[in-house]
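Chain by chain, the residues:
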Amino acid sequence: MKKILILGAGTAGTIMANRLVRKLDRKEWSITIIDQHAKHYYQPGFLFIPFEMYTEEDVTRNKTDFIPKNVEYIQESIEIIEPDKNRIKLNNGVTLDYYILIIATGTNIVPGEVDGLLDSGWGENAFDFYTVEGSVALARCLKDWKGGKLVVHIAEMPIKCPVAPLEFTFLADWYFSKKEMRDDVEITYVTPLSGAFTKPRASGVLSHLLENKHVKLVPDFNIMNVDGTAKKLVSFDEKTVDYDILVSIPTNMGDSVIERSGMGDELNYVQTQKHTLQSKAHENIFVLGDATDLPSSKAGSVAHFEAEILTENILQFIQNKPLKEDFDGHANCFIESGFGKGFLIDFNYDVEPVEGKFPLPIIGPMALLKESRMNHFSKLAFKWIYWNILLRGWPIPMITAQMTKLGKKL
Amino acid sequence: MATKNIAGVNIDVNEEGYLTNHAQWSREIGEAIAKEEEIKLTEQHWNVLEFLQKEVKENGALPTIRRLTKSGIVDTKTLYQLFPNGPLKKASKIAGLEKPASCV
Chain A
1 MKKILILGAG
11 TAGTIMANRL
21 VRKLDRKEWS
31 ITIIDQHAKH
41 YYQPGFLFIP
51 FEMYTEEDVT
61 RNKTDFIPKN
71 VEYIQESIEI
81 IEPDKNRIKL
91 NNGVTLDYYI
101 LIIATGTNIV
111 PGEVDGLLDS
121 GWGENAFDFY
131 TVEGSVALAR
141 CLKDWKGGKL
151 VVHIAEMPIK
161 CPVAPLEFTF
171 LADWYFSKKE
181 MRDDVEITYV
191 TPLSGAFTKP
201 RASGVLSHLL
211 ENKHVKLVPD
221 FNIMNVDGTA
231 KKLVSFDEKT
241 VDYDILVSIP
251 TNMGDSVIER
261 SGMGDELNYV
271 QTQKHTLQSK
281 AHENIFVLGD
291 ATDLPSSKAG
301 SVAHFEAEIL
311 TENILQFIQN
321 KPLKEDFDGH
331 ANCFIESGFG
341 KGFLIDFNYD
351 VEPVEGKFPL
361 PIIGPMALLK
371 ESRMNHFSKL
381 AFKWIYWNIL
391 LRGWPIPMIT
401 AQMTKLGKKL
Chain B
411 MATKNIAGVN
421 IDVNEEGYLT
431 NHAQWSREIG
441 EAIAKEEEIK
451 LTEQHWNVLE
461 FLQKEVKENG
471 ALPTIRRLTK
481 SGIVDTKTLY
491 QLFPNGPLKK
501 ASKIAGLEKP
511 ASCV
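First to last, the sequence lines map onto chains A and B.
This note's numbering numbers the first residue of the first sequence as 1 and each following residue consecutively.
This note's numbering numbers the first residue of the second sequence as 411 and each following residue consecutively.
Treat the hints as calculated values from the structure; they're not laboratory data.
Please read these numbers as outputs of a predicted model, since none were measured by experiment.
Virtual Cβ for every residue (Gly too), placed ideally from N, Cα, C.
Any given hint might turn out to be false.
To be verified - The following label-pair restraints were derived from C-beta to C-beta distances:
hint: 1; chain 1: B; residue 1: GLY470; chain 2: A; residue 2: ASP144; range: 50 to 56 angstroms
hint: 2; chain 1: A; residue 1: ASP265; chain 2: B; residue 2: GLU508; range: 15 to 21 angstroms
hint: 3; chain 1: B; residue 1: GLU448; chain 2: A; residue 2: ILE362; range: 47 to 53 angstroms
hint: 4; chain 1: B; residue 1: GLY470; chain 2: A; residue 2: GLY123; range: 39 to 45 angstroms
hint: 5; chain 1: B; residue 1: GLU508; chain 2: A; residue 2: GLU266; range: 17 to 23 angstroms
hint: 6; chain 1: B; residue 1: GLU448; chain 2: A; residue 2: ILE396; range: 35 to 41 angstroms
hint: 7; chain 1: B; residue 1: ARG476; chain 2: A; residue 2: ASP184; range: 36 to 42 angstroms
hint: 8; chain 1: B; residue 1: GLY470; chain 2: A; residue 2: ASN284; range: 46 to 52 angstroms
hint: 9; chain 1: A; residue 1: ILE396; chain 2: B; residue 2: ALA471; range: 46 to 52 angstroms
hint: 10; chain 1: B; residue 1: GLU508; chain 2: A; residue 2: GLU355; range: 35 to 41 angstroms
hint: 11; chain 1: A; residue 1: PRO322; chain 2: B; residue 2: ALA471; range: 57 to 63 angstroms
hint: 12; chain 1: B; residue 1: ASP422; chain 2: A; residue 2: THR95; range: 43 to 49 angstroms
hint: 13; chain 1: A; residue 1: GLU355; chain 2: B; residue 2: GLU448; range: 38 to 44 angstroms
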């Protein structure tokens, strides 16, 4: 019996477990998945919690509900990976050997990497919305807030779901308008990038939208420290931004087990082959989801597309066949823009988000890089798709792992 | 692609003035680009520039600011003083390297 170990039962690891168990001969292969946590969160839903659209219950399930029955699940944290010995050690002292290792340990926010962020006001007037605790605390704060300066701030790139801070900003504009207090709230968007987003055409459209919504954009802001007492952000070139409420997107880093095992870059992301998802250092180690150092977005859609390609490649690897260089960096993201509308963007390593129709050319029904109600409703419907189709490792009809150029205005 | 006369030599550059062929770079060209960017190069500047060139040679890619400051060559505050407004963009241009890719 040969063993496949999957580290991490988040979006990427769970999809892999579901896909592999259907493809591999149970007499020959055993699959074990390991995660330190019991709860699976629908992370795209964290965005809606501060605005009272979702509650914690809406986005929380048990991880075991999504692990297939022929896969062994161990809830324990991982002490270290020893790739040269093909084994890992768990915190409880147990050692597990593997024939193939799949790393899906994700990325976390690390507020301590931003000087001063944890010193004063964290959880009182400075929050994150990338954790369930953060977004629940923020919801409580915004509910009774009387207005003032709201600052949304990205510390450094890359971050998980790079559109989420923009969506947060658009929803804040809508939320305070709905509460008839928009005039009492000054919203500022502070980013280390030169514009609203990383990709030029989408950045143009989204910067314009910030302007329409009377959000002040502060680009090229490289944070030196947060002064929680004076309630201001200070940059390395001595610019400052004042806030009453700070919504911070702190530095994102891969899991600390990657650092302990000496397997990552300076942000603990594992060096990964861009098109095959094999680790650059070890041929029987594969990496997917947010744990990689790939220049693709850190997003659930990317993990889903990667899982489809990685399943094929694991089968190739087992049969000693060459790996397929099929992963193209495909990402597909809804951008909630407030007032019941949304955008959809579809892009990969080489093709930036452009206008067009999706998933079918001309027909759509979804519009790319354009605001529409259909995109908003699709985003809300996606929660059901996530729990029932995506995590189970089933394909989403008409949406392919590789990006299509059909229907796009290139 | 365009050609630009820098320090008396014709050099291949892209539309933003980044060298497209690093083999054409020399210290004099670095000095000339720095002057256009209103930066007077000191030994500390050169430490950064040489580190970037070494990284690109060894890894085929520019390091991130985090990697640069972790290396102990320079701290972040000083880096921003040496190369104001986008240190990596400025430094890679002077060092005759490609423009840092914007993140994802």
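Consistency of beta-carbon spacing, A:ASN284 to B:GLY470, with hint 46 to 52 angstroms: Violated - the Cβ-Cβ distance for B:GLY470 and A:ASN284, about 25 angstroms, lies outside 46 to 52 angstroms.
Range hint 35 to 41 angstroms (beta carbons of B:GLU508 and A:GLU355) holds or violated: 29 angstroms Cβ-Cβ, so the 35 to 41 angstroms window is violated.
Cβ distance range 46 to 52 angstroms for A:ILE396 and B:ALA471, holds or violated: violated, 33 angstroms
Cβ distance range 15 to 21 angstroms for A:ASP265 and B:GLU508, holds or violated: For B:GLU508 against A:ASP265, whose Cβ atoms are near 19 angstroms apart, the range 15 to 21 angstroms holds.
Distance restraint hint 39 to 45 angstroms, applied to the beta-carbon atoms of B:GLY470 and A:GLY123: At 43 angstroms between Cβs, range holds.
CB-CB spacing for A:ASP184 and B:ARG476 relative to the 36 to 42 angstroms hint: Because 38 angstroms falls inside the window, the suggested range holds.
Cβ distance range 50 to 56 angstroms for B:GLY470 and A:ASP144, holds or violated: For B:GLY470 and A:ASP144 the Cβ distance comes to about 53 angstroms; the hint holds.
C-beta pair B:GLU448, A:ILE362: status relative to the range 47 to 53 angstroms that was hinted: holds, 51 angstroms
Assessment of proposed distance window 43 to 49 angstroms (beta carbons of B:ASP422, A:THR95): violated, 56 angstroms
Distance restraint evaluation - B:GLU448, A:ILE396, Cβ atoms, bounds 35 to 41 angstroms: Violated - the Cβ-Cβ distance for B:GLU448 and A:ILE396, about 52 angstroms, lies outside 35 to 41 angstroms.
Cβ separation of A:GLU355 and B:GLU448, checked against the hinted range 38 to 44 angstroms: At roughly 39 angstroms between Cβ atoms, B:GLU448 and A:GLU355 fall inside 38 to 44 angstroms, so the hint holds.
Cβ distance range 57 to 63 angstroms for A:PRO322 and B:ALA471, holds or violated: violated, 25 angstroms
Hints 6, 8, 9, 10, 11, 12 from the earlier list are contradicted by this structure; the remaining hints agree with it.
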